[in-house]
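A.B. asks: Chain by chain, the residues:
There are 4 protein chains.
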Amino acid sequence: MSRETRATRSDFKVWRKFTTRWADNDAYGHVNNTVYYAWFDSAVNGWMVEQGMLDIMNGDPIALVVETRCAYFAPLEFPQDVDVGLAVGEIGRSSIRYRIGVFGDAETAAAQGEFVHVVVDRDSRRPVEIPADWRRKLEAIS
Amino acid sequence: MSRETRATRSDFKVWRKFTTRWADNDAYGHVNNTVYYAWFDSAVNGWMVEQGMLDIMNGDPIALVVETRCAYFAPLEFPQDVDVGLAVGEIGRSSIRYRIGVFGDAETAAAQGEFVHVVVDRDSRRPVEIPADWRRKLEAIS
Amino acid sequence: MSRETRATRSDFKVWRKFTTRWADNDAYGHVNNTVYYAWFDSAVNGWMVEQGMLDIMNGDPIALVVETRCAYFAPLEFPQDVDVGLAVGEIGRSSIRYRIGVFGDAETAAAQGEFVHVVVDRDSRRPVEIPADWRRKLEAIS
Amino acid sequence: MSRETRATRSDFKVWRKFTTRWADNDAYGHVNNTVYYAWFDSAVNGWMVEQGMLDIMNGDPIALVVETRCAYFAPLEFPQDVDVGLAVGEIGRSSIRYRIGVFGDAETAAAQGEFVHVVVDRDSRRPVEIPADWRRKLEAIS
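Residue numbers (the working numbering), protein chains in the order written: chain Z, 1 to 142; chain P, 1 to 142; chain S, 1 to 142; chain A, 1 to 142.
There could be a bad hint or two in this list.
No copy labels: a pair is met if it fits in one copy or bridges any two.
[Stated by the list, open to error] Using 20 Å as the maximum straight-line C-alpha spacing, the simulated EDC-like pairs for lysine to aspartate or glutamate come out as follows:
1. 13 with 83
2. 13 with 105
3. 17 with 105
4. 17 with 83
5. 13 with 133
6. 13 with 90
7. 17 with 77
8. 17 with 81
9. 17 with 107
10. 13 with 50
11. 137 with 50
12. 137 with 90
Derived by calculation from the structure, the hints in this document are not laboratory data.
Put together the whole structure using the sequences plus the hints.
C.D. replies: Here's what the structure looks like:
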């Protein structure tokens, strides 16, 4: 099975740093594959909160995850820190496809993937059109 | 962006049941997207241990995750239990692509995805050929 | 430092079964100490939901954790299942102290601890008196 | 039930910063109680790795958790960062009791607790005497 091209730091527009935790290392001594998705989620939502797009407990609309994927290239290990790079790959009427890269010390990604949000009404959880100010901020990191 | 066809229970060959945990529910009140990958990991490795293929702490070879993906269709919520269905989609020289479905009460999957293992030497962590007895067991659930 | 007496199955009144997950095993190959607290949380809240005391997303009052502790006696390991036993140790005006035991295959606890809930108003998050029907159900497992 | 005195930053000797993750927030919108224990574990083991005491995958002895406890005073919430303070409270022949405080923006602890390690032989997992150089480093933060 073929593997995709490994991303480099220059492929991403926005950065967030995360600390690892002891329990992230699994029985093989490396950060478990599920933890990368916790960083995906945290990078995207953290950026949205910081940009004033998302108010987790009270805001409307909110954004729900409908699809994610990740390819793993090199192991990471507690207690190292990681840099997570973010860029917007595609913007639909109500969906946003983010490209994400996870980096240890190297210039090439330790892992990379995609994370698709659908913007929904908080109560009905039905898709709504992406607000104009969200769209501007998303386009700025496309 | 188009969505793939939703799987049904008949698309999978082996089943494992998992309990949810309070902390699985995130701020939006549903099981967080990362938890599904914890079930993927647990279903595949649990089946391998049960089949006598994998001895987590002492066996050789072991299998490392190189790629995963998941599409989410319907929310799940603690305290419900989930059924995780497994089937082998593709077997390479040293890699195995599993298809996985996560089910709540319905016949259609709440989420579905893929999980790719590469079989490696425990010490060197370099790919090795899939052992013949592993291959037989993998083909039995293809 | 002295250790407390190890509990046995007969010390608990209500039981809930949990599955382990691959990522629960940490770098030393055993279920990480934090996972036991996830079971504590899940056993107590799961029982409360089942008893009709707690509606996580809409009910009022809710119960928040103010104190927990756990002593670990014997390791547990994915993919084994665990039995979590529950009993109420003390009921105050607005607080509930649960005693909890985690069991693998043995009659003696692999780990045991306490979990203290304070019952609060959903919106103000200020302590309120434990509702009479909650108190009856709590006393039934004291 | 009485509550212990809330610690302040001056009660701790060593500091480590941790980032929160989206999934740390549970259904009530605050960091779940189990996550604090993940920080305890990570603060202690991270400090030990940094001090050259612990080599997670190859070192001998290692340190296993035998007891933990935590009291929660004020909520924390993704995406805020947290400061975790550490001090050694008691050193036995083979056991170490750490005092730990978790801080958001305030001078008083959002949560505080204890974490007890027993130093063991890597293979037999039986307690051994704390090495002299570990003891010196532990006493330095007592």
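A.B. asks: Each hint needs a verdict: does it hold in this structure or not?
C.D. replies: Results of checking the hints against the structure:
For a Cα distance limit of 20 Å, the shortest separation of residue 13 from residue 83 inside one copy, 12 Å, qualifies, whereas the shortest one across copies, 28 Å, does not. Proximity of residue 13 and residue 105 under a CA criterion of 20 Å is satisfied intra-copy only: 18 Å inside one chain copy versus 29 Å between copies. In this homomeric assembly, residue 17 and residue 105 come within 20 Å of each other (Cα to Cα) both inside a single copy, at 12 Å, and across copies, at 19 Å. Within a single copy, residue 17 and residue 83 get their C-alpha atoms as close as 5 Å, and across copies as close as 15 Å, so both meet the 20 Å cut-off.
Taking identical chains as interchangeable, the C-alpha atoms of residue 13 and residue 133 lie at most 20 Å apart only when both belong to the same chain, with a minimum of 18 Å there against 45 Å between chains. In this assembly of identical chains, residue 13 and residue 90 lie within 20 Å of each other by CA distance solely inside one copy; the values are 14 Å within and 35 Å between copies. In this homomeric assembly, residue 17 and residue 77 come within 20 Å of each other (Cα to Cα) both inside a single copy, at 15 Å, and across copies, at 17 Å. When the C-alpha separation of residue 17 and residue 81 is checked against a cutoff of 20 Å, the pair qualifies both within a copy, at 7 Å, and between copies, at 11 Å.
For a Cα distance limit of 20 Å, the shortest separation of residue 17 from residue 107 inside one copy, 15 Å, qualifies, whereas the shortest one across copies, 24 Å, does not. In this homomeric assembly, residue 13 and residue 50 come within 20 Å of each other (Cα to Cα) only inside a single copy, at 15 Å, whereas the closest approach across copies is 32 Å. For the identical chains of this complex, residue 137 and residue 50 are intra-copy neighbours only, at 11 Å inside a copy versus 40 Å across copies, given an alpha-carbon limit of 20 Å. Taking CA atoms no more than 20 Å apart as the test, residue 137 paired with residue 90 passes inside one copy only; the shortest distance there is 13 Å, against 40 Å between copies.
Hint compliance for this structure: every hint is met.
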